[in-house]
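Protein chains: 2
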Amino acid sequence: MYSFNELHEIIEKEIDGLEFSAPPEGLFEPMKYILGIGGKRLRPILVLLGANLYKDDLSKVCLPAIGIEIFHNFTLLHDDVMDNAPIRRKKKTVHEKWNSNVAILSGDAMSIKAYQYIGSCEDKYLRDVLTVFNQTALEVCEGQQFDMEFEDRNDVEIEEYLNMIRLKTAVLLGGSLKMGAIMGDASSKDAELLYHFGVNLGMAFQLQDDLLDVFGDEAVFGKKIGGDILSNKKTFLLINALETASGDVEKELKFWITTKSFNPEEKIKAVGTIYEQLNVREYSQNKIENYFALCLEYLDKVDVDAEKKKELYSLVKGLVDRSV
Amino acid sequence: MYSFNELHEIIEKEIDGLEFSAPPEGLFEPMKYILGIGGKRLRPILVLLGANLYKDDLSKVCLPAIGIEIFHNFTLLHDDVMDNAPIRRKKKTVHEKWNSNVAILSGDAMSIKAYQYIGSCEDKYLRDVLTVFNQTALEVCEGQQFDMEFEDRNDVEIEEYLNMIRLKTAVLLGGSLKMGAIMGDASSKDAELLYHFGVNLGMAFQLQDDLLDVFGDEAVFGKKIGGDILSNKKTFLLINALETASGDVEKELKFWITTKSFNPEEKIKAVGTIYEQLNVREYSQNKIENYFALCLEYLDKVDVDAEKKKELYSLVKGLVDRSV
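Protein chains in written order, with our numbering: chain A, 1 to 324; chain B, 325 to 648.
Do not rely on the hints blindly, as some may be mistaken.
[Stated by the list, open to error] DSBU-like cross-link-like pairs, simulated, lysine-lysine; straight-line CA separation at most 30 angstroms: (1) A:Lys234 - A:Lys224; (2) A:Lys189 - A:Lys92; (3) A:Lys97 - B:Lys557; (4) B:Lys558 - A:Lys97.
Just so you know, these hints were derived from the structure itself, not from any lab.
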């Protein structure tokens, strides 16, 4: 059995070795660039972990796993164009380094490359792997569409938000594990349990990201605190706060999300304090714990020795312990 | 055996019946829109014709054929964003009717839908169909990349241009026939012959389009004449003219492609006359005839009764007769 870190190394090595050498270079350079600027490689590692629960030889699972990472990076590339984001992982985004057309077209080519790699699984798994992947990939687009639509809406409800992050983020974690399980010859019951494990892990992870963006330790979290507050992003925290606030607190919150001129530090502090006052921080922490608990319940039921599951348990533990 | 027109009706009916009903509507409305504004449906018909050479029952080939049409329309949708084109088939383009983000994201979702439909072929063909499709789809992106790069270059050579249109246009016609042939249980030799038939047909078709854009009959051609001349598009005609012109003719041609202020009618007429003087029109006609001839050579070799091939022969004849 491989450790998480060993799998991470395998993935990095595969990505380093990727050859997209055919002309036109303008199409393939951006692919190499975005795949080369890092990232946690969580999704391809989940594919390998899913398979590794059931088989030791992962040699035929590696390229499909890389396909999932290519797909994920394709979505980031196009999301960055749509969000007009200048920076990704501390580097210029593709449309900033080149231009929007390059970003659109090399993204399109990446999505096809993703299918090539995912489709390089063994014949006996091809139908099932593709079915899971197609469904998941479409849901990721649906999530991004909801996310964009929410920007122009002031009546987004909690359930809608949770559905959006499920689609945009969580299903790809679940789908990665499930595809790995399929390529490991897992029972369909186990594959389904692992899917739900991954989806709930993704939900916890995304809600935790929202929380860390407000209350995290900048040095540990790795990015600037308060970005969501400054942009009035409709996170789990803000939607909840808007639903529960009344009286002066409601007035103050609405002041901060409508005023155009403000001191950034002051706004971050004020809105953070409101989240505490309204117990939105605590509510969010509870919700995250619930998702982690659910995710462990699913993992417990997976029908393999506990020893085999230890990397997945410690992955969960590591995430629970992210400093909040 | 089905006639071309019968197959066209089958495809239109399938497209009318497509249900992309899941929320978010903002993702699926643009798909319905672009698929609904017409087009020749040539590619899905070629899939069906390819299969129909070998089998009568096309019921399991229809959805994969629709997948090819979805893919083709996805490329048009993204190409229109990249070219900033306001009109497609006399209707507003998707990014004009909605916006660029909608066009990018619904295009992405269309490419996944395309894979879903293409992947709905029978299991025994899945690997081979996907291999052809992945390769072809990637080449279409490569062609679009070359096309965009050529806009900023003044030294594009004929062979580069021919390679670009092969990738951007011709391979998808060849690939459509080949995928159809695979789903009809054709021999791999026949599938290959049909691929080359389609590629050469596509080359002839595209070069003819370039020619009709200058010398065509507006009423028959269906779009305004001279658009390529006005935008200095590096077509087969212009590249050839630039390569062969010398002396006063070269001066005149360079005047027309550099001057910013001109009477459109006058420019179209003048450049058209230069093409005639340089025998570029005639050279282009010969080239087109060569591609048609090649394409018929491949079709002759396909190992099925001539009677079965008659729809493909008359498709070629119909294209040869497009008025030039």
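Do the hints match the structure? See the list:
Note on lysine 234 of chain A and lysine 224 of chain A: the hinted pairing holds, with a Cα-Cα distance of about 18 angstroms set against a maximum of 30 angstroms. Proposed proximity of lysine 189 of chain A and lysine 92 of chain A is contradicted: the alpha carbons are some 43 angstroms apart, above 30 angstroms. For the hint pairing lysine 97 of chain A with lysine 557 of chain B, the CA-to-CA distance comes to about 27 angstroms; that is within 30 angstroms, so the pair holds. Taking the CA atoms of lysine 558 of chain B and lysine 97 of chain A, the gap is near 27 angstroms; set against the 30 angstroms cutoff, the hint holds.
Comparing the model with each numbered hint stated earlier shows that hint 2 is the single one that does not hold.
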